[in-house]
Structures are given as structure tokens and as C-alpha cells.
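Chain C is already provided as a structure; the job is to place chain E on it using the hints.
The chain contents come next:
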Amino acid sequence: MKFKTFFWFVAPSVFMMLLFIAAPLISVFIQSFQITQPVMQQIEVETCTPGFLTQTCTTEIKTVPVIDEETGRTQTTTAWVGVQSYQNVLQMDKFWAAIGSGNWGDILQIDFWKALRFTLMFTLVTLPLVIGVGLMIALAVNNATKALRGPVIFISLLPFIITPVIGSLSIYWLFVGDGILTATLERWLDRDIAMFAQAWTIELLMYFYRVWHVAPFAFVIFYAGLQTVNMDTLESAIIDGANRFERLRYVIIPHLMPLIIFIALIHLMDCYRVFDEIIGFRSQAHVISLQWLTFDFLTPDDAGNRAISRAAASAMLTMVGIVILLILPLRRTWRDHKGGAH
Amino acid sequence: MYLKKLALAGAVSLLGTTAFAACSYENEVPLKSLTAGFEAWKAVTDAMAECGNFQAELDQEFRTKQPAAFEANPSLYHIGGVSNGTVTPLLNAGTIRPLDDLVAKYGQNLSPNQLIRVDGKIMAVAMMVNTQHLMYRSDILADLGIDTPTTWDEVFAAADKIKEAGVVDHAIGATMKSGWNLAQEFVNMYPGFGGAFFNDDNTAAVNSDAGMKALAAMKKTLDYTDPEVLVSDSTYVQQQFQQGKIAMANLWASRAGAMNDENESQVVGKVTMAAAPMAMDGGAPATTLWWDGIVIAANITDEEADAAFRLAMEGLDADMVIANNEAAIWLVNGYQPGPLAEGAIATATANPAPPAYPSTTQMGLLHTALGNELPAFLTGDRDAAATLAAVEEAYTTSAKEAGVLQ
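So the protein lines, in turn, are chains C and E.
With my numbering applied, the first sequence corresponds to residues 1 to 342, in that order.
With my numbering applied, the second sequence corresponds to residues 1 to 406, in that order.
These are calculated hints, taken from the structure and not from any lab test.
Each hint should be verified, as a subset may be incorrect.
[As the list claims (entries may be wrong)] Per label pair, the in silico range of CB-to-CB distance:
#1 E:Ala353 x C:Asp93: 37 to 47 Å
#2 E:Ile322 x C:Met16: 56 to 66 Å
#3 C:Thr76 x E:Ala353: 34 to 44 Å
#4 E:Ala205 x C:Ile99: 25 to 35 Å
#5 C:Cys57 x E:Gln108: 14 to 24 Å
[As the list claims (entries may be wrong)] Chain E residues, not near chain C, derived (Cβ > 10 Å throughout):
#6 Pro74
#7 Pro89
#8 Gln108
[As the list claims (entries may be wrong)] Quick look at which bits of chain C chain E covers, simulated, 3 or more residues with Cβ under 8 Å:
#9 41-49
#10 283-294
#11 307-317
Treat the numbers as computed from the prediction; the structure is a model and nothing was measured.
We put the CB at the ideal spot given by N, CA and C, even for glycine.
So that you can see chain E by itself, here it is in the shape it has in the complex:
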């Protein structure tokens, strides 16, 4: 991907200034970016590359590189792609700069909704929202006379019918790869049952009634999924959908576009998006809200920051969004929400609304503890109560090491 981008950038720069027709100016300052590698980032960095002198690094493991790369002086990258989960270490270490001046200078097209403010200062510019929501094969559910499920109980009832009809290999797909993905499933489900992750003194609070219910719901899912679900990540679930092997999944909105990609998908036009199912009646959809956006490194010169922000604005302009309307749920002006966005919008505007993923140091620690301890429960090696106790214990150990707990 990176090489391709580099080759593309090289080819474009060889063509001379006339090739920059898509970009309103020619970038003179060499700039680099480090972002995640999904479709939306590809669209944005491609648009930035049109201005020349720009190297994009798209890497799904960016989260492990970014804090150290931005802490270097000068920073190894000028532009960073972050989400509300991964912005935390950059904010904590002060390695990204406030953008108020730059927004005033170049941000005429930004809507106030896009500006991520921390204590009044703009620290990031969001470009899209993302959430895990229900995707389902509308043709299968219609054939079997099932209404769109709105709660997990209805999802399980629908799954029973689909399983009985035997129309797909597995009724439900789930991003339960042990580690980050599996922990995220719990982080979705647990607030859906009204649980709070932490007490006021930063101790973990997951060993609760809501925690037990969340685990029970996760275990119930296993009845309908692929037996190898503990190795399946978002890409795997996306492929299962595309190959017609599953009928429903609570999957990332950023994966919706791939369902209608005719080069990969055998189910074009058959997958419908709906709000994330609720865990309990009257509750919020069992999911978390995410945003993805750009930040500018602190350890670079003001000229570089100026050029980097200007370039980022060029990448986030209406032309890019119009050309890539289906790649994400864009927050950028010019976006026309299509059918693929319905699920995410229904999720985000639900009342009560699901929480945003908490960007705190503690959440990072708890996420890791969940990712490491939950598999033993799902493989049946340990019961729910012991698992939640183990999660809290693992969190306490690492929180003490990290200085969060005394």
C-alpha cells in the first residue's frame, strides 16, 4: 500500500505542475503523515498527495508507532491520523499542537462540529464518525419474515430462525479476535446494560451486574457464530459478509462501503445497515461512538505546521468527499448521507445515545486487561464472575504500574 502510494506520488511529481489540477496549490514543504489504513484514510491521503511533496504511511498498527514517533524532536511525521482512542497518548504527552491559529487561517470550510476541543483549545480536526452497528442481509431477513432486530434478544431470535433455515454458514459474525477486538465487544455491550467502567477513584467497576449480563450476551453470541470466532477481526467478518457466509454482524460503519464493492463482494445491494441493537429495553444502543481525524505534531517548525495543516485541509475538502462519498460517514461539508450511512446515523442520534469511547489512560489499561482475560471465559476455562474479578485484578496491577492508582 505504502509503496503504491509512494510510486503514485513519484509519478505525479514527475508529471510536473500541470498534474496538480485537483489541488488548488503546489505544496513546497516535504511532509509526511502516519494514519490508519482503512478506506477513508486512503481517500484523504490520496487527495493530499495531489499537492505534491507528500508521503503518506497507512498502517493499521499505527497506534503502536505514533506516540514514540511524535515524541521525537523533530517529529517523524507532521500529520497524524487519530481516533478518540488513540489521541490520548498524544494529548497526554503534549506532542500535538493547538490548531486555533491554523483553523482561523485555513479552516473556513470546517464546520464547528469537526473541531475537537480540549479545554477550549482545538487539538484535532475530525473528519468522520465511526461506530459498530448492525449490518444484516435484508434479503434473508425478508425471506424469513423477520423484522429488523432492534435489541440483542431480537437478534438472537432472528439468528435462531436463520440457523434453522440453514441459508448461511453462520447466522452471526462477530469481531471477537482475542485482544483489542474482543475487548471492544465488551466495551460496546457493557454500557448498553448501563454499566460504568470506573469508580471515582480510578478503580475498575466492571465486576458488576451489568458486567455479568454483558458477558452472558457475548457468550450467547457464540451459539450462532463461526467456531473460530476468537481469531476473527473486522476484515475477516467483512469477508464473511462479502462471501455470503453470515447474515448479521455488529460491524464497523467504515466497513459498510466494502459490502457493495463489486470486485470483492457477492452480496452487492443485499446488506442493510441499522442502528446497533440495544442490550436492554429503553437503553442506549450497545456500542460506542468514535471519531477519526487529523492532528499536527508539536515538535515541528511553525512553517511546517502551517504547510501541513493547509495540506490536510486540501485533503479534507468537499471534492474529496464527493469523490468518495461512500467511504465513510464524513463530517466534512459536501457529504450526502446515503443508504450505507443510515445505521450509523440512527445509532448516533438514538435517544439515549451511546457513549463516545472514553479517551483516558485508564481506559487503555482496562481495554488491554479485558482483551487478555476475556478469552478464558469464552473458551469455557473460567466462569463469568472469576473472569470479571481477573479483569479488575489485571487492571489494578497495570494501573499501579502506570501511576494511575496508588
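With the rest of the complex left out, here is chain C:
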């Protein structure tokens, strides 16, 4: 393709990426090193609030922002603070103190490390499960009789169509308190079950939900890949006396390897940003994720305060985490790519 044609093909998409991805990224990167705060003043204010019958008026010294006479907005100052917001998120002093004293458990009392522990574990536990379950469904469908394939594909794809937050809410409603599944289990096992009362049951439900939700995606990709397996190679393997497992191990999986890497890449990126499950399961008391931490910093409290700088720092740290996770699979893809070129 001529360079000019190529350029005009990709220009709109490059422009959009610069506008909607690169520009916000740079802005967040800058904000993570700045703190913008209102100029505060202390004034004496008399506030009258209703009781049931009569008012109570109190006069107290209040700290309130200064409002600019001209613009009518609050005056703010922006200062460069270096890595202070990162320090506020990471709390390295407490981290090293915990390691120094040998109380490793204390590290998990710090929000960031608590979130990182769960996010990493969530990503790494679900990855092999998604690939394994996806591959199993694909193999099963591929071996099913033609008449059954259509309906089976349709049904296995259903979980993937559901909006993640709706899916996680449904699981929550099924299992919370006297949700129908908990109630059924309780009747069957004759004991009280509280799935949302401790961290490990919540985490288990989260793993289950994510695998259930994403496995169809892996399945579709693998199923397409299975259609391209070289039949001659398979037949010669059969003639050579390879059993079903050996055929899978030495013929099919090597053939599907690029797809496995592809799914691993997508899954790592998606899972590291785990968020819907935390909101849907209301698990903040027990389990939090990095993306939720950023969200929590950004959510204004009743007085309208938001920790924008810490949110920016936490978002940058999340991005760094994804990049580190992706290095391994990307290097492999790169090697394969280069190998293929020669």
C-alpha cells in the first residue's frame, strides 16, 4: 500500500486516539504531580437549623473556601508536589515498616496493597481458568454433531452478552441473604449460609462470575481456530498412534498458541481493571480492586471534596501495572512476529 493511502486510512483513528487516549493520559500524568486546592479562610458563621419545633442557632468558626468576587468561583491554587500523591497512595513508609517488623499482614491494611493483592490474584487465577474452560467448550462444540452446534454455540455465548455490572448484580441478588440460591442451598444443607459475610466466599464468587462471563469469548476464538487445524497433520498423528490427549498436546495446542497468547493479552488487560464485581457485590468492606480505589478517590463526599491528585496517581500506577503484566506475552508475540518475517 502506498504510504499516502495508508496515512489517510489510519489518520481518523490516530486522531481519535490522540484526542481521547493520549491527551487525557498526559493530563492525568501531569495532575498526579500537582495538587489543586481551594484557598481556605476561617470565618465566624452563624447557622440556624430547624429542630422539631424551634430553631437552634450556633455560631462557630468555619473553614470555608474564598470565592473570587469577579468570576464567582472558588479561588484555587495549584502546586507541584512531586511524588507526594504517589507516596500518599503507596504509603511506602508503612510498607517498609511492616516488612521490617516482620508483620507482613500489615501491608494488606494499606488500601493500595490490599487492592493490588486482590487485583493480581484475580487476574492470575482467572486467566488459566478462562483459557481452559474456553478451550474445553470449543473442543466439545467442535466434536458435537452438526445439528446440535448452532444451539450449543448460542447458549454458550449468552453470558458474554450480559452487561458486566448487571451480571454481577444478578449474582449478588441470587446469593445475598435470602436470595433464591442461598435459600435453596440452606434448605438442602440445613444450615445458615452467608456468602457475603467473609472475604473468601466473596472472592470465590467473583472468580466464578468472571470465568463464567469471559469464557465464551475464549471459546469463540478457539472454535474459529479449531476450524483451521491441519487435518493432514491430525490424520498422520492418528496413524502414528497418538491418542486423543497427545493429539491435543502436540498438534492442536501448538496450532492455537498465538490465539492463547492473544486471549491472555486481552484478559490481562481487562482483568487488571476489575471494577464491576466490586460495585455489584458491594464488597468494599472485604475486597477492593485498584480500579475501585481510583473510583473511590474520585467520588465526591457530602462536602464535595474529591482526591483528584491521588486518583491520578492511582490511575497511573494501574497503567504501569498493566504494562508490566503485558511485557511477557507481548515479547513472545514480538518474537513470533519477527520469526515469521524471516
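Leaving out everything else, chain E in the frame of chain C:
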């Protein structure tokens, strides 16, 4: 809810002017409001919609939208529903207007008690008071021969008997969903033990004796609640009551009406309201007082503000209150306090009275710090002293960022 309201407003406007019988005039200026979504707001916005040209947005997450929406110029909404907690950012940013002129023009029916004054200027008009107070199943307590508990110790003693009798799944229900709700439980309990939230220099003061006692009381509650209490918010506790699963709870007065809603509740007429229990003898009831009311945006034209306030007064008139007497503890003329209001009134008029929820920037920051740090204590991951230290530390970090602390 919003769609329904919109459809209703549309249907009403189609019917022509004769449909506005319930409203004394026809509103010509298009107006919008953003309020919380509980029963009382539904009643008020429905009454306003009768005048036409009005769109109500009822949203329980209004607190996250309101400051930015009112800061826009022109403001995205004309009328805002606030409480003493959520009015703070609007007051701080100057995005709501003083109402003295408008009150003089349209506020003949308002009582002086309703006018929220800040430095002498009327900044909001309150319509109802709200507080968390004791709701209990009077039938169960009567059966077991328990008097109405007035202190938390008595609540726990009653809970022991109820647990032993095994008449309900869990003796106590609590709004302890981690985050805002859980923090509010501490904000109720802590002043009940005589604690002050801040020192004079804006540093947090919760790491104190009263703080330790408040945490101990909260932990003790867990012995009697649903094990999943850290995910239960007001609506969940309300449903537990309605389905007969709990016997007592320190729950919002605005939820009292739902106990007698025959479409939802299996315990109609069996839930009684009493003052919030005291944390210590001779102290104030362990709760905070709230008001809910309306504000008018600053960044709108004077004509719009005039129309918006007039419409709000129409929504807050005696007709609305008489039609929705049980929906809230109204401050509006025409309200007849019924049995459902007894608990809230007993709480508000107690001596010493519980404090009003402080509407300050610092309180917002501390509330968030409490909401994030308390769960670790209640799940047993961290002891009380370390938790209070962590709360103060989290507050200090965010207060420095917000410019409240140097």
C-alpha cells in the same frame, strides 16, 4: 422513576389547563429539579409537577452530581433538594442564592423554623427533619415482656432475649454497608459517648476514649445482626423489617412509613418508633439530626428563580402535606404528627438533644475516612486503637490535599 415522572408530567400537560386543579396557577417557565429519591421527595416533586412545565430528577446519588451541576452557568437545575450534609459544597461554592426576597414574596405560609439562615441570609427552606431512631417490633417485645429500650445496653439485653426466643432471624438490623452508611453509624454513636470530632485547629479528634467506646458498641451490635451486615444499607434494613426478619434497628425516620405499606410489608402496625437509644446514661440519644429542604441555584435568571421558588412553595404547601402526612416528619404547616413520628420527635426534643450533623468541609472528609477504615475493624482485621489511628491518618492526608490542614 424518572421516566415515570416524565410520562406523568407529559400526560398531565396533555390534559390542558383544566388538569391543574390541584395547583393554584399554571407554571410558564420550564424548570428542573435534582433531589434525593425517597418518599417525601416524590410527594413534593409530584405536587410541583401538577403546575406543569416541570421535570423532576429523583436520584439517591444526587450528592455526587449536584455540586458540578449547580456550578455550571447556566445551572443544569433550578431547584435542588439538599440536607444539612449535602448543602455544604453548594454553600461553599456560592452556587445557591439567598432567598430573603423570594421568601418575602411567596413564603407567607412558611414558619420561621423552616428558614435555614447562614449569617442572617436565608439560604435554604427546610421541609422535613430526619434522624436515625429506634424502630422495634412492639408485638415481639411485648410477648417477651421487654420494656422499650432507652439505652444501647438495654437494646443489647433485649436482643439477648429475642435471640434466645428465636422469634426472628436476627435480633438487630443495622445500616452498616461499608462506606457512607457505616461511617454514619459511627457519627451517630460517637457524640452519644460525648466525643468531639475535631480539635480547634481542624485536626481530627476521634482517636479518643469516646471513639474506643463507640467502636466497641458497634462491634457488639454485630453479635445480633445478619452476618452480611457490611453490605446492608437503609433499603435492605427496611426490607428486613418488612419481611419480619429483624426485631429492632436504629433506622431513618424517613423509612417509617414503609413499615405500614400494605403492598410491601408483612408487619403492618407492628413496628413502633421510639427515641434513638442513648449510648451512656444521661447522655444525648446516639444519633444526629438532619433536615431536608430546597435550595435555588444562583446561576439562573431572576425570572427563573422567581418561578422556581413559587413552584417549590406550591410543592411544599399544606395540601401536599395533608395528602402525604405519613411520608416524613414534615416541618410544613398542616402536618399532624402521627404515631410514626413519635420516635423522631422524642429524639429531637430529648434533653440533652443530639447534635445536628455538622455541615462542614472537614466532616465530609472525616466521613469518607471513617467509611473506608472502619470495615477492617469490624471484619476483625485490625484492632480498635489501630483503626482510629488509621482514620485520623486518612483524614489528615485528605485534609491536607483539600487545603483544610496545612
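Problem - Hints the structure fails to honour - result: 7
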